[in-house]
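Let the hints inform the model, and build the full structure from the sequences given.
Chains H and C, in that order, give the protein sequences. Under the numbering used here, think of the first position of the first sequence as 64, with each following residue one higher. Under the numbering used here, think of the first position of the second sequence as 58, with each following residue one higher.
No lab work stands behind these hints: they were computed from the structure. We treat Cβ as the ideally placed atom computed from N, Cα and C, and that holds for glycine. Check each hint, because a few of them may be wrong.
Simulated crosslink set (DSS-like; lysine-lysine; CA at most 25 Å straight-line) [to be verified]:
| no. | chain 1 | residue 1 | chain 2 | residue 2 |
| --- | --- | --- | --- | --- |
| 1 | H | 366 | H | 377 |
| 2 | H | 186 | C | 325 |
| 3 | H | 416 | H | 470 |
| 4 | C | 325 | H | 416 |
| 5 | H | 359 | H | 377 |
| 6 | C | 378 | H | 137 |
| 7 | H | 441 | H | 416 |
| 8 | C | 378 | H | 527 |
| 9 | H | 507 | H | 470 |
| 10 | H | 366 | H | 420 |
| 11 | C | 325 | C | 378 |
| 12 | H | 527 | H | 495 |
| 13 | H | 366 | C | 325 |
| 14 | C | 325 | H | 137 |
| 15 | H | 441 | H | 527 |
| 16 | H | 366 | H | 527 |
| 17 | H | 495 | H | 507 |
| 18 | H | 420 | H | 359 |
Some chain C residues near chain H, calculated using beta-carbon distances under 10 Å [as the list claims (entries may be wrong)]:
| no. | residue |
| --- | --- |
| 19 | 77 |
| 20 | 257 |
| 21 | 259 |
| 22 | 320 |
| 23 | 341 |
| 24 | 346 |
| 25 | 359 |
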Amino acid sequence: MSQYRPEGISDVFTEPTDPGEQRPVVQGIGLTGWLRWAWRQLTSMRVALLLLMLLAVAAVPGTVWPQRAQSPEKVVAYLTDHPSLGPVLDRVGAFNVYSSVWFSAIYLLLFVSLVGCILPRTKVHLAGVRGRPPRAPRRFGRFPAQGSGTADDTPEELTRRATAVLRRGWRLLPFVPTYRVETRDEGDGTWSVAGERGYLRETGNLVFHLALVGLLISVATGQVLHYRGQMIVVQGSGFANSQGAYDTFERGTAYSPSSLVPFTLALDDFESRFDPETLASRDFTAHVTLTEPGEKPQAETIKVNHPLDAGGAKVYLQGNGYAPDLTIHDASGALVSDGPTPFLPQDQVYTSKGVVKVPDVTDGQDQVGLIGFLLPTKKTVETPNGPAYVSQFPEPNDPVLVLNVWKGNLGLDTGVPQNVYELDEARMTQVKDADGDPVILVVKPGETVELPDGLGTLTFNGLKRFVALDLRHDPALVYVLVFALLAFAGLATSLFAPRRRVWLRFTPAHDEGDDRSSRRTVVTAAGLARGDDVGLQPELDRVLAATLAQHPDGEANDGHR
Amino acid sequence: MDTGDLSTLLVWAAATAFTVALVAYAVDLARIAERSQRVAQPAMVGSGGGGPVSAAAGSADQRAPSRSVRAEGIARSTHLLGIALLFGGIVLRGFAAGRWPTANMYEFTLVAVFWATLILAVVQRRRIIAFLSVVVMGLAVVALVVALNWFYIQADAVQPALQSYWLVLHVGVAIAATGIFTVAFGASVLQVLKSYREEGLPENAGRVRTTVSGRRFSWLEQVPSGRDLEAMSFRLNAVAFVLWTFTLIGGAVWAEHAWGRYWGWDPKEVGTFVAWVVYAAYLHARTTRGWSGRRASYFVFVGYAVVLMNFTVVNLVVTGKHSYSGL
Numbered sequence: 064m065s066q067y068r069p070e071g072i073s074d075v076f077t078e079p080t081d082p083g084e085q086r087p088v089v090q091g092i093g094l095t096g097w098l099r100w101a102w103r104q105l106t107s108m109r110v111a112l113l114l115l116m117l118l119a120v121a122a123v124p125g126t127v128w129p130q131r132a133q134s135p136e137k138v139v140a141y142l143t144d145h146p147s148l149g150p151v152l153d154r155v156g157a158f159n160v161y162s163s164v165w166f167s168a169i170y171l172l173l174f175v176s177l178v179g180c181i182l183p184r185t186k187v188h189l190a191g192v193r194g195r196p197p198r199a200p201r202r203f204g205r206f207p208a209q210g211s212g213t214a215d216d217t218p219e220e221l222t223r224r225a226t227a228v229l230r231r232g233w234r235l236l237p238f239v240p241t242y243r244v245e246t247r248d249e250g251d252g253t254w255s256v257a258g259e260r261g262y263l264r265e266t267g268n269l270v271f272h273l274a275l276v277g278l279l280i281s282v283a284t285g286q287v288l289h290y291r292g293q294m295i296v297v298q299g300s301g302f303a304n305s306q307g308a309y310d311t312f313e314r315g316t317a318y319s320p321s322s323l324v325p326f327t328l329a330l331d332d333f334e335s336r337f338d339p340e341t342l343a344s345r346d347f348t349a350h351v352t353l354t355e356p357g358e359k360p361q362a363e364t365i366k367v368n369h370p371l372d373a374g375g376a377k378v379y380l381q382g383n384g385y386a387p388d389l390t391i392h393d394a395s396g397a398l399v400s401d402g403p404t405p406f407l408p409q410d411q412v413y414t415s416k417g418v419v420k421v422p423d424v425t426d427g428q429d430q431v432g433l434i435g436f437l438l439p440t441k442k443t444v445e446t447p448n449g450p451a452y453v454s455q456f457p458e459p460n461d462p463v464l465v466l467n468v469w470k471g472n473l474g475l476d477t478g479v480p481q482n483v484y485e486l487d488e489a490r491m492t493q494v495k496d497a498d499g500d501p502v503i504l505v506v507k508p509g510e511t512v513e514l515p516d517g518l519g520t521l522t523f524n525g526l527k528r529f530v531a532l533d534l535r536h537d538p539a540l541v542y543v544l545v546f547a548l549l550a551f552a553g554l555a556t557s558l559f560a561p562r563r564r565v566w567l568r569f570t571p572a573h574d575e576g577d578d579r580s581s582r583r584t585v586v587t588a589a590g591l592a593r594g595d596d597v598g599l600q601p602e603l604d605r606v607l608a609a610t611l612a613q614h615p616d617g618e619a620n621d622g623h624r
Numbered sequence: 058m059d060t061g062d063l064s065t066l067l068v069w070a071a072a073t074a075f076t077v078a079l080v081a082y083a084v085d086l087a088r089i090a091e092r093s094q095r096v097a098q099p100a101m102v103g104s105g106g107g108g109p110v111s112a113a114a115g116s117a118d119q120r121a122p123s124r125s126v127r128a129e130g131i132a133r134s135t136h137l138l139g140i141a142l143l144f145g146g147i148v149l150r151g152f153a154a155g156r157w158p159t160a161n162m163y164e165f166t167l168v169a170v171f172w173a174t175l176i177l178a179v180v181q182r183r184r185i186i187a188f189l190s191v192v193v194m195g196l197a198v199v200a201l202v203v204a205l206n207w208f209y210i211q212a213d214a215v216q217p218a219l220q221s222y223w224l225v226l227h228v229g230v231a232i233a234a235t236g237i238f239t240v241a242f243g244a245s246v247l248q249v250l251k252s253y254r255e256e257g258l259p260e261n262a263g264r265v266r267t268t269v270s271g272r273r274f275s276w277l278e279q280v281p282s283g284r285d286l287e288a289m290s291f292r293l294n295a296v297a298f299v300l301w302t303f304t305l306i307g308g309a310v311w312a313e314h315a316w317g318r319y320w321g322w323d324p325k326e327v328g329t330f331v332a333w334v335v336y337a338a339y340l341h342a343r344t345t346r347g348w349s350g351r352r353a354s355y356f357v358f359v360g361y362a363v364v365l366m367n368f369t370v371v372n373l374v375v376t377g378k379h380s381y382s383g384l
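What follows is the structure, encoded as structure tokens:
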């Protein structure tokens, strides 16, 4: 049978050459054109090897240079720090390695090569699985595993016994035969048995490679259909799952808004625990109320390793912090701002930075901007310029707000989108005291302070918690998992399932004279495996021993069954 | 002294035991080299004195299995003692921290050394392969001392991101794979040396080949054949590769739980992926005409280097989501 085999593979049964059974060498590819040649090259093992190593090398730059997909801010910083080298690197895709043309080209070529190699092999294997074990070769002398013996029984009887021995199943799966067996009457009273096992090895190999293709397709499908949003939810408030509710939202090209199930989620409470000595975090738990459309509200918790399933998506707890609840009246006593403002933690002790913008003042007055820090547990340190405050513990044991005051125009109506956590100081002036030093407000919970320059009053009502949530919907997730597990199972099978051929031949001994007590049958055996197989000779010995076993043993065995 | 200190003490004791084992294996190796040099030059032994003396020397050489029984005894017992001490140290470390002890570089190194030395003991349960032991023991001692001096941090509970059963599965399997890759690497080094020597000296051979074929490497006559070593390295690498694959898949599942994505090209993910690809290339090279044997084992060298870099450089130099060294 002439089989198409991609070039360079040498993992067939490595039969030692025997001058008596030489087969014609497969012809060269001939003048069948460039395309055919290129295809042969691409699907050859050497090129596959080259592509694998290229893939390994090409993946490295992504850890050397910052990546836009993971940390865009670091890319911006790198570009500012390296004004000449940066843009060149950017042009060759050093900041988008894993979506760059060259990286994609390598893995796509690799997968084309894989498919070109695997599909023909699948065809060959499917034919092989239906086939019978090859008949016993004439000479056994050249095989890596050999054995011999003599027996009193007739060749027919021994053939029957050897067949039973080879077909005997595994101890754990007694009904699945290990060997596929073919017996043959070779004439002159000689019988031979041919057994083959381990079709699973190639099956596993093919399953592994095809599963990799499935994995790639699943991942790509997920990329196209997914959506992902991030938002900050303050204790006591909630959000509805709609694109506008997110602070940031990204989606695949084929995402449909209908996959956004309109559930609502509210943050009721948040618990955190820290190690008192090392300040390392020990536990974060968000207690939320989830209301799926058409269902009753349900109390749920979200923890770091335990995302919440909501509306076909998963909601992850990605961050947390404090939101001081502030009430601000302007100079004319009108209530202009009321409610919690998230302050973003900057370090391990939750020194949190935040901005309060007060745009809706009574006509004619200056808009107010407050910028400063929240210290959850304050500690006073003496400095040459007087006492200063730092935070010493992440829990709110003794919180204090330290604020600078700006007045003027916040610039919210300029049409330029603003970061809510930063103050645009272009049209504002910092409020200073009589000595020309910036005014610093220090406020504790429950306190009301006068804003300088008669700007009004500020009341610090208390602290609320906030959580940063990350919501992700990827409909292909289950396929990614299934193909990954298939690949794993296929890989393990292809590496550990032994592929062996075993032959036994029973030849009647030529009785000479009246030596009737001599053994009547000469037994020879040989084994061949794919690749290195330390278990081959022991298995052949076992089969031979079981076949030659005298009646007491055989009967004892039969008796147990 | 609390449980954590006792654990550290046991680890130091294990490092000491392994050092003694390393010296004993090295003595064994030296003895093997000495003997095989003498065997290689029978004329010098036999030509000197009279009949009885040379006959006695010759028969002694034949009787002695050309290795030092005492050194092997010491090596074997201190090797096993070290494994037991290290195991005790790891268990106590877990008790001191109140969790599974695979959460930082220090613990990772301890458990990886445990696996490597255990696999080494299993591989040579019948016959000591002195050179392999010297390579693996050397790596083990260096790793333990580096861990104790530079990776050590106080035993403590872990941050919320690590509070998952995947800490046992994902990290545990990654550590076992690293340990097995280490032994396989040793076997591959030995295989390359041996196969050079087996081939003999071609014309205009390089310096390495000349040295390996020379007298100083005559101990190589005593190690298993290049083909056997290749088979051993392959079997170990195959097991470790399957475990490494599980590390990747389990890591992706955990990342999906903890970070909200199964793959994000985090530096550690990239390193693990690169190592996986290199070892995959190794498995392919083995079955490629013209690449099997010694050339395939070069992939093992590259792969093992990537595994080590992925552990050290990525943990200590690069910042990523896997920054759990605690340093």
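Evaluation of the provided hints:
In summary, the hint linking residue 366/H to residue 377/H is supported, as the alpha carbons are separated by about 12 Å, within the 25 Å threshold. Proposed proximity of residue 186/H and residue 325/C is contradicted: the alpha carbons are some 38 Å apart, above 25 Å. Of the supplied pair hints, the one linking residue 416/H and residue 470/H holds, its CA atoms being roughly 19 Å apart against a limit of 25 Å. For the hint linking residue 325/C to residue 416/H, the alpha-carbon distance of about 31 Å lies beyond 25 Å, and the restraint is violated.
A threshold of 25 Å between alpha carbons decides the hint, and for residue 359/H with residue 377/H the separation of about 19 Å falls inside it, so the pair holds. For the hint pairing residue 378/C with residue 137/H, the CA-to-CA distance comes to about 15 Å; that is within 25 Å, so the pair holds. With a CA separation close to 14 Å, the supplied pair residue 441/H and residue 416/H stays within the 25 Å bound. Of the pairs offered as hints, the one joining residue 378/C and residue 527/H is violated, with about 28 Å between alpha carbons and a cut-off of 25 Å exceeded.
With a C-alpha separation of about 22 Å, the suggested pair residue 507/H and residue 470/H falls inside the 25 Å cut-off, and the hint holds. The hinted pair formed by residue 366/H and residue 420/H fails the criterion: a straight-line CA distance of about 32 Å is larger than 25 Å. In summary, the hint linking residue 325/C to residue 378/C is supported, as the alpha carbons are separated by about 8 Å, within the 25 Å threshold. Restraint check for residue 527/H and residue 495/H: not satisfied, since their Cα atoms lie roughly 30 Å apart, outside the 25 Å limit.
The suggested pairing of residue 366/H with residue 325/C holds, with an alpha-carbon distance near 24 Å, which does not exceed 25 Å. Of the pairs offered as hints, the one joining residue 325/C and residue 137/H holds, with about 18 Å between alpha carbons and a cut-off of 25 Å not exceeded. Simply put, residue 441/H and residue 527/H have alpha-carbon atoms about 17 Å apart, close enough for the 25 Å limit, and the pair holds. A threshold of 25 Å between alpha carbons decides the hint, and for residue 366/H with residue 527/H the separation of about 18 Å falls inside it, so the pair holds.
Taking the CA atoms of residue 495/H and residue 507/H, the gap is near 21 Å; set against the 25 Å cutoff, the hint holds. Between residue 420/H and residue 359/H the alpha-carbon distance is near 37 Å, which puts this suggested pair outside the 25 Å criterion. Evaluation of the residue 77/C hint against chain H yields a violated restraint, the C-beta minimum of about 32 Å exceeding 10 Å. Nearest Cβ of chain H to the Cβ of residue 257/C: about 23 Å, over the 10 Å cut. The hint is violated.
Annotation: residue 259/C was flagged as interfacial toward chain H, and the flag is violated, the nearest CB pair being 24 Å apart, outside 10 Å. The interface hint given for residue 320/C holds, since its Cβ lies 8 Å from the closest Cβ of chain H, which is under the 10 Å cut-off. The criterion of a C-beta within 10 Å of any C-beta in chain H is met by residue 341/C, whose closest approach is roughly 6 Å, and the hint holds. Interface restraint check: residue 346/C against chain H, minimum CB-CB distance 5 Å, threshold 10 Å, status holds.
Annotation: interface hint on residue 359/C holds; nearest CB of chain H at approximately 8 Å, less than 10 Å.
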